[in-house]
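Trainee: Chain by chain, the residues run as shown.
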Amino acid sequence: MRSKHQISTLFLIAFFLLILGCFASPRKNIRSRRPCKEMVFYFHDIIYNGKNFKNATSAIVGAPAWGNHTILANNNHFGNVVVFDDPITLDNNLHSPPVGRAQGLYIYDKKEIFTSWLAFSFVFNSTSHKGSINFAGADPLMNKTRDISVIGGTGDFFMTRGVATLMTDAFEGEVYFRLRVDIKFYECW
Amino acid sequence: MRSKHQISTLFLIAFFLLILGCFASPRKNIRSRRPCKEMVFYFHDIIYNGKNFKNATSAIVGAPAWGNHTILANNNHFGNVVVFDDPITLDNNLHSPPVGRAQGLYIYDKKEIFTSWLAFSFVFNSTSHKGSINFAGADPLMNKTRDISVIGGTGDFFMTRGVATLMTDAFEGEVYFRLRVDIKFYECW
Amino acid sequence: MRSKHQISTLFLIAFFLLILGCFASPRKNIRSRRPCKEMVFYFHDIIYNGKNFKNATSAIVGAPAWGNHTILANNNHFGNVVVFDDPITLDNNLHSPPVGRAQGLYIYDKKEIFTSWLAFSFVFNSTSHKGSINFAGADPLMNKTRDISVIGGTGDFFMTRGVATLMTDAFEGEVYFRLRVDIKFYECW
Numbered sequence: 001m002r003s004k005h006q007i008s009t010l011f012l013i014a015f016f017l018l019i020l021g022c023f024a025s026p027r028k029n030i031r032s033r034r035p036c037k038e039m040v041f042y043f044h045d046i047i048y049n050g051k052n053f054k055n056a057t058s059a060i061v062g063a064p065a066w067g068n069h070t071i072l073a074n075n076n077h078f079g080n081v082v083v084f085d086d087p088i089t090l091d092n093n094l095h096s097p098p099v100g101r102a103q104g105l106y107i108y109d110k111k112e113i114f115t116s117w118l119a120f121s122f123v124f125n126s127t128s129h130k131g132s133i134n135f136a137g138a139d140p141l142m143n144k145t146r147d148i149s150v151i152g153g154t155g156d157f158f159m160t161r162g163v164a165t166l167m168t169d170a171f172e173g174e175v176y177f178r179l180r181v182d183i184k185f186y187e188c189w
Numbered sequence: 001m002r003s004k005h006q007i008s009t010l011f012l013i014a015f016f017l018l019i020l021g022c023f024a025s026p027r028k029n030i031r032s033r034r035p036c037k038e039m040v041f042y043f044h045d046i047i048y049n050g051k052n053f054k055n056a057t058s059a060i061v062g063a064p065a066w067g068n069h070t071i072l073a074n075n076n077h078f079g080n081v082v083v084f085d086d087p088i089t090l091d092n093n094l095h096s097p098p099v100g101r102a103q104g105l106y107i108y109d110k111k112e113i114f115t116s117w118l119a120f121s122f123v124f125n126s127t128s129h130k131g132s133i134n135f136a137g138a139d140p141l142m143n144k145t146r147d148i149s150v151i152g153g154t155g156d157f158f159m160t161r162g163v164a165t166l167m168t169d170a171f172e173g174e175v176y177f178r179l180r181v182d183i184k185f186y187e188c189w
Numbered sequence: 001m002r003s004k005h006q007i008s009t010l011f012l013i014a015f016f017l018l019i020l021g022c023f024a025s026p027r028k029n030i031r032s033r034r035p036c037k038e039m040v041f042y043f044h045d046i047i048y049n050g051k052n053f054k055n056a057t058s059a060i061v062g063a064p065a066w067g068n069h070t071i072l073a074n075n076n077h078f079g080n081v082v083v084f085d086d087p088i089t090l091d092n093n094l095h096s097p098p099v100g101r102a103q104g105l106y107i108y109d110k111k112e113i114f115t116s117w118l119a120f121s122f123v124f125n126s127t128s129h130k131g132s133i134n135f136a137g138a139d140p141l142m143n144k145t146r147d148i149s150v151i152g153g154t155g156d157f158f159m160t161r162g163v164a165t166l167m168t169d170a171f172e173g174e175v176y177f178r179l180r181v182d183i184k185f186y187e188c189w
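Listed in order, the protein sequences are those of chains H, A and W. Start counting the first sequence at 1; every next residue gets the next number (my numbering). Start counting the second sequence at 1; every next residue gets the next number (my numbering). Start counting the third sequence at 1; every next residue gets the next number (my numbering).
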């Protein structure tokens, strides 16, 4: 009778291990709304205006019929396309050592109010991070916070997906702005 | 002996519950080709042509050397870049109340026939939907249906992925066209 | 007593089957870093320079204030936007029969060195492949290999995700270049 009892106990233990194995495995997190990784960065955009070539990190490269490539267009810059290579910093100081570059393009896409759309990458190549994070999404920049998608990643950010929350941290006229980016990854590999 | 029997029965029940838990969990759907959510929308594009500023929802912002920014270029518009902020409606009527905005860009990218490539977002901010859906993909617009990718989402569409089928529902000269978009999400969170 | 023993044995077998079912199922591969599919392609870009319209597969459609649409701009082409419809081949020969088209855009996005950013699709419509693969990512083209993201797919490549490694296989002046693309899918459906 004893050995039977022992077998039953064995089964019970095996059960709990199995349940743990089934539900505590990485698969558990697949549809979790708890981020598997979080990061905060700032990036700094200085638009070329015909006079600041040395400091400029971005340039107007597309414009509507009523615009040009040195001044953002009337009608809330509707139709302007800007290409950028902006320094990424860990704090909100433009002069902090950059930890990477934000590279890609944004467009202004509405006549009536300021709103933009972004497609870009964070590119890292330092001892702390190597690899890239790719983003795309609408940026209705009059809102305090705006969510865009993390659509992929490489290197340290291999195959990641998630959501990045953008906040305009500062802007000076139409030449400089600084974005805070709170990245939440929900798929990590 | 009885209690032993009862334990065995208990085990059996636990087994079936465990099996159910393992295989009927959300994870089961991860590689399913049955959509977890489906939606149909229309969006309406009115290209600025130098005379329709008030009604225009899009503008030519890039052109090849042989083009300009008020008329779509020769050679199947190859090289034209268009930025848009188009109303989204639930039916095929331009004058129906918009439920959101389609914002982003498309390009014409072939000399020999009409074909385009799109990157844009659906932006919703109403009582029925809040959030955004991000799309990218090739749009060989002479085909009756074309599939592009849902590459991410935010808000109500948090972390979604899927496939959207585009159909040209109507077009009038080179100023207006209407697309029907059948969205099928295969990853819902 | 015998039947009890048999039940126990039955349980043991069921256990192992269950464990197998739980861990050897397709879900196991979800976070695997072993590709579920691999492909290698080449694509060929011939930029329009004012004289090669017939052979050109791409055109400059955006430029900074100091540039134009027939010659890539000074300062490492910073600000140039190029739209392309490039033939895809299975080997490195421009004259091999194309198996599809690479369609989308790239931008040059840095003043100090050559670096670009890409968003495009591979479009297939042959007996061997039907469907599309969508890509986005930074392309620091002075590096021997660069990783970008596979952000989605349709048709034969339904819902795929992965990483594509780009290598500059050849370039001739500023008119022709050929990229080798090693695609590794980590999500297959």
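Derived from the structure by calculation, the hints contain no laboratory data. Don't take every hint at face value.
As the list claims (entries may be wrong) - Each computed EDC-like pair below joins lysine to aspartate or glutamate, with the alpha-carbon atoms no more than 16 Å apart: (1) Lys111(W) with Asp91(W); (2) Lys54(A) with Glu112(H); (3) Lys130(W) with Asp156(W); (4) Lys54(W) with Asp91(W); (5) Lys111(H) with Glu112(A); (6) Lys54(H) with Asp156(W); (7) Lys111(A) with Asp45(W); (8) Lys54(W) with Glu112(A); (9) Lys111(W) with Asp45(H).
As the list claims (entries may be wrong) - Some chain W residues well away from chain H (every beta-carbon gap over 12 Å; in silico): (10) Lys51; (11) Asn75; (12) Asn80; (13) His95; (14) Leu118; (15) Ser126; (16) Asp139; (17) Asp156; (18) Arg180.
No experiment lies behind these values; they were computed from the predicted model shown. Backbone N, C-alpha and C define an ideal beta-carbon position, used for all residues, glycine too.
Trainee: Each hint: holds or not?
Mentor: Hints and how they fare:
no.	hint	result
1	Lys111(W) with Asp91(W)	violated, 33 Å
2	Lys54(A) with Glu112(H)	holds, 10 Å
3	Lys130(W) with Asp156(W)	holds, 6 Å
4	Lys54(W) with Asp91(W)	violated, 23 Å
5	Lys111(H) with Glu112(A)	violated, 33 Å
6	Lys54(H) with Asp156(W)	violated, 48 Å
7	Lys111(A) with Asp45(W)	holds, 14 Å
8	Lys54(W) with Glu112(A)	holds, 10 Å
9	Lys111(W) with Asp45(H)	holds, 14 Å
10	Lys51	holds, 23 Å
11	Asn75	violated, 8 Å
12	Asn80	violated, 7 Å
13	His95	holds, 32 Å
14	Leu118	violated, 10 Å
15	Ser126	holds, 27 Å
16	Asp139	violated, 9 Å
17	Asp156	holds, 20 Å
18	Arg180	holds, 17 Å
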